[in-house]
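Colleague: Here the structure of chain A is known, so what remains is to put chain B in place on it, guided by the hints.
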Amino acid sequence: MSENWFDRKIDEITIKDNNSTEKRFVDTDLQKNMIYVKQQFGDAFDVKYRKYNASGKKVYFVMVDGMCDSLLATEQVILPIIEADFSDESGDKLIYSAADRVSASIDKAITNDIDEAIREAIYGSILMLTEDSHFVVMFGVQGFPKRAVLEPSTEMQERGSREAFVESFKDNVTMIRRRVRSPVFKTQIVEVGNTTKTRACVCYMSDRVDKKMLESVVERLKSSTLDTVLGSGYLQPFLDTKYPSIFSGVGFTERPDVLTAKISEGKVCIIVDGTPNALIVPYLFVEHFYSLDDYLKRPYYATFIRVLKIVSFLFSVFLPGLYVAICTFHQEIIPETMIFGITGQESRTPLPVMFEALLIHLIYEIVREGGLRMPKSVGHAISIVGALVIGESAVTAGILSAPMLIVVGLTAVSSFVVSTLYEPVAILRFTFIIVGGISGLYGIMLCFSAVLINASAINPYGVPFTSPLSPTKMGAFRDLVFRVGWKTMGKRRMQVNKLEK
Amino acid sequence: MELTKGKISTFQFFTMLFLSRTLTTVTYLSSYTENIRLSDMLIQPIFRIGIGIVIMLPLYLLYRSSTSENLLDMTIRKSKILARIISLVYVIFFFYFTVVTIARLDLFAGTIVFPETDMTYILIFAIILCCYGAFLGFETLGRSSVLSAVFVIPALIFIMLTLTKKVDFLNLTPIFYNGVDSVLKVSVDSVGQTVEYAIIALALPRVKGNIKKGFFIWLVSQTFLMAVMFFFACTVMGNFASTQLFPFHTLASLAEFAMFGRLDAIFTSVWIMCAFIKAGLLIYLQSDILTTYFGKLKRTTYIIAIGFLTIIGNILISGQIKRFTFVDNSMIKIVLTFITVVVTPLIVLVFRRKEKKKCEKQL
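Protein sequences, first through last, are from chains A and B.
So the first sequence is numbered by the working numbering: it starts at 15 and just counts up by one.
So the second sequence is numbered by the working numbering: it starts at 282 and just counts up by one.
Same shape as in the complex, but just chain A (with noise of 0.2 Å):
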């Protein structure tokens, strides 16, 4: 029993994580082992168990439809073996020998540990048993409905290429492979989630990894205590900074491209089964400002771009706020020519600049997410209701100003052109209106400095979340702000263990 009160009340609703590790072994009694799968699955409609005579043996099958490829199944592992002589192999040599008689292009796996059978068979296997043997054959005939390759949704580039990660851990791995024609790129599978083990698939080079920071990632995801992994963002916070921060030292992406190029820097990267997000580690900063695009055009403009995601972001982050402290405490730094109209239109409302800055904001994030959860086809409806009802008539209504909308415009647009920082950007705007309405340009400062000391603070694999700006990097000044040509980049890659303290 706890001994904190919160404790004791989380312990009222919930039970105990099932982690018990005992193995339990396959028994020689075929009925048994009938008995305890049967079990197992309980009244599972679509498990299917089929009895067979294998040369007078008794022979079981066990699968699950919908799971399993019913004629591959049929066609490459149950008819060769049910039609296959067994008269002289009996038990451990039977199942052996069944293996054999399959197929070359089909998965088979021998377990002496009945619960792995079960498992392998919840994700698509199908398991032979027979009597007086300590062994169960497994044979991979996966037939599970799966989406196709589809184009990026999130991370989208105008010259790379038009594949996405899907939920197959498998399929994502594939398309890595295409990418790289070399022994040096390796996987390692980790088991996360007590219940529903879920696979994660560690990828990365042999040749450039930090061989210390991939022992740390593989520690962290078999750590992990968890019951269900659903998702690659269940295992973000235990591959993160143990410190509490706005920002995140672990990146995501959607793209096989990108993930190859991630890894070719020596980093990791952790593709979890059923989601299409692979996780990066570790993750800079400045990296949210980069896209595979920059990569593919003329330095010039991808220094360009870049430059313009760096103003985005402070726009997306400062504006509303500064906004809101200018305008209560330091109305002295607007020009004459705009302060006279800035405050017409101010004093025509009835709330408080960083009130009303604080309203439209929320509006702005309910209409988002309104927008993100509503099917295609009320979206625009969203987008209407959004521009003509709260934008222009609140206006023109006199609730809000029309500075302010330009402001929420121009700090809506901004966010969405350095996506991966939209989490912790949203909240920091919100906490810089506060503050600028509260303290002035005073508290903007004081807040900025906390950040910056906070996302200093990231350092979950020995390289700072800051680096190569802080640590300074001269060589990474190649590849920061201003990028060089792929003529000057030459051979050389970065190595990410190289940029640590």
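Each hint should be verified, as a subset may be incorrect.
[To be verified] Quick list of in silico lysine-lysine cross-link-like pairs, PhoX-like style, CA-CA up to 25 Å:
no.: 1; chain 1: B; residue 1: Lys288; chain 2: A; residue 2: Lys487
no.: 2; chain 1: B; residue 1: Lys639; chain 2: B; residue 2: Lys361
no.: 3; chain 1: A; residue 1: Lys487; chain 2: A; residue 2: Lys225
no.: 4; chain 1: A; residue 1: Lys62; chain 2: A; residue 2: Lys23
no.: 5; chain 1: B; residue 1: Lys579; chain 2: A; residue 2: Lys256
no.: 6; chain 1: A; residue 1: Lys487; chain 2: B; residue 2: Lys489
no.: 7; chain 1: B; residue 1: Lys494; chain 2: A; residue 2: Lys487
no.: 8; chain 1: A; residue 1: Lys23; chain 2: A; residue 2: Lys122
[As the list claims (entries may be wrong)] Computed from the model, here is a short list of chain B residues facing chain A with C-beta under 10 Å:
no.: 9; residue: Ile403
no.: 10; residue: Tyr413
no.: 11; residue: Gly423
no.: 12; residue: Ser426
no.: 13; residue: Ala556
[As the list claims (entries may be wrong)] Just a sample of chain A residues kept apart from chain B, beta carbon distances all over 10 Å, derived:
no.: 14; residue: Lys46
no.: 15; residue: Arg193
no.: 16; residue: Lys323
To be clear, the hints were calculated from the coordinates, so they are not data collected in a lab.
Ideal Cβ placement from N, Cα and C applies to all residues, glycine included.
Modeller: Structure of chain B alone, referenced to chain A:
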């Protein structure tokens, strides 16, 4: 905690000290130089360098004798009590400068930016954030100081550039107009306001890289900054500068760029960023000393206690100009600096020499 231990680069360390010194420069109060003409302040940084190098000699000799230990580590092997007394002196010294740093910010905000506003909550907010910075540790402070410098240095250059068209050389007066003594006095005052020497004394073993080069660049760059700031204050404002409580703030408010006037907002930003780094570093050092040499409580507890005392100290000074003048006294600073930078290292040096001779005799 994983973030507190370990070394930082020379660049990060001296950037931190540069920002700390920049704060002292930009928050220069005209009351310090009542008997001196502003033109003399142009020559003062050169005197300052000389005095600075001389008073740093004991520390340099001490550092040469052991690069991996600070003077407190050296003392604790000889006498635990003496080490604790010296560490307490440093804690008081750093605490005093933390209070003064925040008090100047409070004075500035309370008299110039928001004269009608109660500054208490901003003050508390600022100290809490500084404690947060200290809590994150030395490495984090080092990293964030470089990032802050990316904003601070261009901002100062920008302000100076916008003032170039307002420079009037007729505002310059002959140097040493009131004699050399007053310039020397101001230089000593200025050295007395340099808490960075004491920071060097304690933190140097936690810095990796070419320290001599870093120290030299830091010394030259801060002297150059002072000279440039005083040059603009003198040539743009003339005698008007001495009538202003914060002359550099007034200078920044005269800066104009295109249709934008009153660039003092940028100046204020520089001030706050530097103050955050400086106060954070000082609080961190206090907590580190207390944890290492007294060590009964956790570092976080010491940070909270120091933060609490800083809040109380500043609330007592806030809005009371007489109390501020009493606390922000040049003589107190000079004495404290002399004790921490000259006397203490000399004592430790003597101890070490004796120890060395004893060892040699035994051999």
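Colleague: Starting from lysine 487/A, check that the Cα of lysine 489/B is at most 25 Å away, please.
Modeller: holds (15 Å)
Colleague: When the nearest CB of chain A is found for tyrosine 413/B, is that gap smaller than 10 Å?
Modeller: Holds - the Cβ of tyrosine 413/B comes within 10 Å of chain A, reaching about 6 Å at its closest.
Colleague: With a cut-off of 10 Å on the beta carbons, see whether alanine 556/B makes it to chain A.
Modeller: holds (9 Å)
Colleague: Quick one, is the glycine 423/B hint okay against chain A at 10 Å, beta carbons?
Modeller: holds (8 Å)
Colleague: Verify the proposed pairing of lysine 487/A with lysine 225/A, using a straight-line Cα cut of 25 Å.
Modeller: holds (22 Å)
Colleague: Within 25 Å, alpha carbon to alpha carbon, are lysine 579/B and lysine 256/A?
Modeller: Satisfied, since the Cα-Cα distance of roughly 19 Å is no more than 25 Å.
Colleague: Check whether the Cα positions of lysine 494/B and lysine 487/A lie no farther apart than 25 Å.
Modeller: Distance ~18 Å between lysine 494/B and lysine 487/A Cα, so the pair holds.
Colleague: Can you confirm whether the C-alpha distance between lysine 639/B and lysine 361/B stays at or below 25 Å?
Modeller: holds (20 Å)
Colleague: Please confirm whether arginine 193/A is truly not at the interface, meaning its C-beta sits more than 10 Å away from all C-beta atoms of chain B.
Modeller: holds (34 Å)
Colleague: Would the hint on serine 426/B be counted as holding, given a Cβ-Cβ threshold of 10 Å to chain A?
Modeller: holds (8 Å)
Colleague: Was the hint right that isoleucine 403/B lines chain A, CB cutoff 10 Å?
Modeller: holds (5 Å)
Colleague: Has the given pair, lysine 62/A with lysine 23/A, been kept, meaning a C-alpha gap of at most 25 Å?
Modeller: violated (42 Å)
Of the numbered hints stated above, those contradicted by the structure are hints 4 and 8, listed in ascending order.
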